[in-house]
Structures are given as C-alpha cells and as structure tokens.
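Mapping to our numbering: the sequence shown position 9 is 36, numbers consecutive.
Among the clues, some could well be false.
What the hints assert, rightly or not - Listed below are the simulated DSS-like cross-link pairs for lysine-lysine, each with C-alpha atoms no more than 30 Å apart in a straight line:
#1 Lys-105 to Lys-69
#2 Lys-100 to Lys-69
#3 Lys-37 to Lys-69
Honestly, the hints are just simulated from the structure, not real lab data.
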Amino acid sequence: MCLRLRRHGKIVYVPEAGFEHDLGTSSRREPWRGIARYNAGKELYFRIHHGIFQAYACLLLNRLGAIIRIFLKPCQAKTFWRVLTDRRG
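Let the sequences and hints guide you as you build the complete structure.
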C-alpha cells in the first residue's frame, strides 16, 4: 500500500499512531487458506509493480517453498499440499 500511496503523493509517518491487526483470525479453521491468500497477494504485487517475469518467479518460489515444506514438515504436508493446489487464493 505504501508503494501505491507514494506514487500518488507523499507518505507521512506518525510515530504516535497505532495499528492493530488480528493476524490469522479469518483463517483459523483453514490455515492453508491464509497461506494461499498471502502467496496470491505476493504474486499480484509482483505482477502489478515489477512485471510478469518477477511475478512468475514469485509463483515458482512460492510453489517450491511449499514442496520443500511438505518434506521438511510431514505432519503438515496436507496443509502445504492444499496451498499448492488451491487456485482461489
């Protein structure tokens, strides 16, 4: 968001400002869906701001990371497999 704001004006930092994000609240029942959405967001960011080549590289690295995690964390293999196969993000 800062990159988009910077293109349309300036960014002003207010140290006293607070921000609270309830991380993971929407994906507690299906944690794999949160990971898939996060990856889809990264891929969209790269496609918009850096071009198709970098977006494709991001997609490949996301998928490679999920494949590696399947072998490193076999108890969570089902989660990472769902991340790999989910097309909705």
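Status of each hint after checking the structure:
Straight-line distance between C-alpha atoms of Lys-105 and Lys-69 comes to about 22 Å, which keeps the hinted pair within the 30 Å bound. Pair hint Lys-100 plus Lys-69 holds up; C-alpha atoms about 23 Å apart against a cutoff of 30 Å. Under the criterion of a C-alpha separation no larger than 30 Å, the hint pairing Lys-37 with Lys-69 is consistent with the structure, at around 23 Å.
Comparing the model with each earlier hint shows no violations; every hint is respected.
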